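Given only the sequences and the hints, what does the whole structure look like? Please build it.
These protein sequence lines map, in sequence, to chains A and B. Note that the UniProt record's numbering numbers the first sequence so that position 152 is 152, with each residue one more than the last. Note that the UniProt record's numbering numbers the second sequence so that position 185 is 185, with each residue one more than the last.
If you're looking for bench data, these hints aren't it; they were derived computationally from the structure. Bear in mind that the values here come from a model prediction, so they are computed numbers and not experimental data. Each hint should be verified, as a subset may be incorrect.
Said to hold, decoys possible - A partial selection of chain B residues facing chain A, derived with a Cβ cut-off under 10 Å:
1. N28
2. R69
3. Y79
4. R96
5. Q152
Unchecked claim - Simulated restraints, written as ranges between beta carbons of each label pair:
6. A/R180 to B/M131: 43 to 53 Å
7. B/G126 to A/A91: 47 to 57 Å
8. A/L85 to B/D66: 40 to 50 Å
Unchecked claim - Looking from chain B toward chain A, a few residues come up when the C-beta cut is under 10 Å (computed):
9. A49
10. D66
11. G67
12. L68
13. L74
14. V113
15. G126
16. T130
17. M135
18. H137
Backbone N, C-alpha and C define an ideal beta-carbon position, used for all residues, glycine too.
Protein chains: 2
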Amino acid sequence: MGCGMRQDIVLHDYWRSSSAYRVRIGLNLIGLPYRRVAVDLVAGAQRGADHLAANPQGLVPVLEIDGLRLTQSLAILEYLDETRLAGFLPADAAGRARVRALAHAIAMETQPVCNLRVARHAVALGGEATMEGWMRHFIALGLEGFEGLLGQGPEGQFCHGDRPGLADLCLVPQVYNAWRWHVDLSPYPRLSAICERLDRLAAVSEAHPDRVKPLA
Amino acid sequence: MGCGMRQDIVLHDYWRSSSAYRVRIGLNLIGLPYRRVAVDLVAGAQRGADHLAANPQGLVPVLEIDGLRLTQSLAILEYLDETRLAGFLPADAAGRARVRALAHAIAMETQPVCNLRVARHAVALGGEATMEGWMRHFIALGLEGFEGLLGQGPEGQFCHGDRPGLADLCLVPQVYNAWRWHVDLSPYPRLSAICERLDRLAAVSEAHPDRVKPLA
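Laid out in structure tokens, this is it:
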């Protein structure tokens, strides 16, 4: 008789990391219970030996699951989609390409440029660079492109149809960052409306940085 | 009797764009013939009405295929993998997660930060920012992480086993950029050896920027 040892799913994350936030929403949407291990990026814990052994890139998130240690938020979400039939991607190849393109428009073009270490580097170089100026410039550029891509697809409750998927998992943290850096969202009515709908889902609201941040 | 109209595959690209370079290698590896439409990023053609209609993000590449207009290089490559059985990803979910993590370590963490528009913005802000300084800092950081991730996986001719895949398609243009900006590759022997093997494949060498750049 098989009596499998139940293995904990462990997410190494930081409360404010966009990419960790994506994975929290994904795990919640599937309904997979997981334990969080906080990696304090501000204190530099991601450069500690413990964390570097888990991820030589020195980034969060890292997900321990099925005896594996997975890195890169979108690779993690694709893995969950394949192994837990999460439905983060539609069934048809054209739809999958569209959802991935939307997700990557944020995850590849926008968020990495607004990564803390990138913005800090720009500011450290001096000149007129400020954290807020850097963030606002690139977040607005990214949201503008995303809004345009949304307009090319079918209407729906969420980014692609009526079920939240990979693009939505990327959109929520990006809009949180826009809010944090006081980016005016009024030029982006489509993505704003989608994000309001997403925020009403428990799986999304329970993953919010304010819900998981450490007590002061 | 079905006699399908054969539709041209059209790649809108720029000779020096890393993400277009990825797609050229991918199409070559599969052996799909395609026609190139050059979008001159330096002259700003990506912000022209024609190109914005194809891609509201104002980026290359765009691939016309199967009656679709696909954007985002990795979404395009995943589409080709799904519809042309290209073998860019291994069959097992753990292997797929590893290859995607490697690909994303470049395509999400490194290349977007070294995008021309990002580096130019940093330089325009003044201070000590220079194009070369910006590129070298972030390319070295990205390659360091990639080298570490390579060390965690099985040995092989390429990034994951003995067949070139999604991670290799990302690595080649990144190493080209490292060479272009005079980044010392000696701290990264694993990825350097893999890249040398890749460069010996006709599908890779024929996609090289020097092979497709417009005549002066």
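Quiz prompt | Unsatisfied constraints (hint numbers, rising) | solution = Numbers 1, 6, 8, 9, 17, in rising order.
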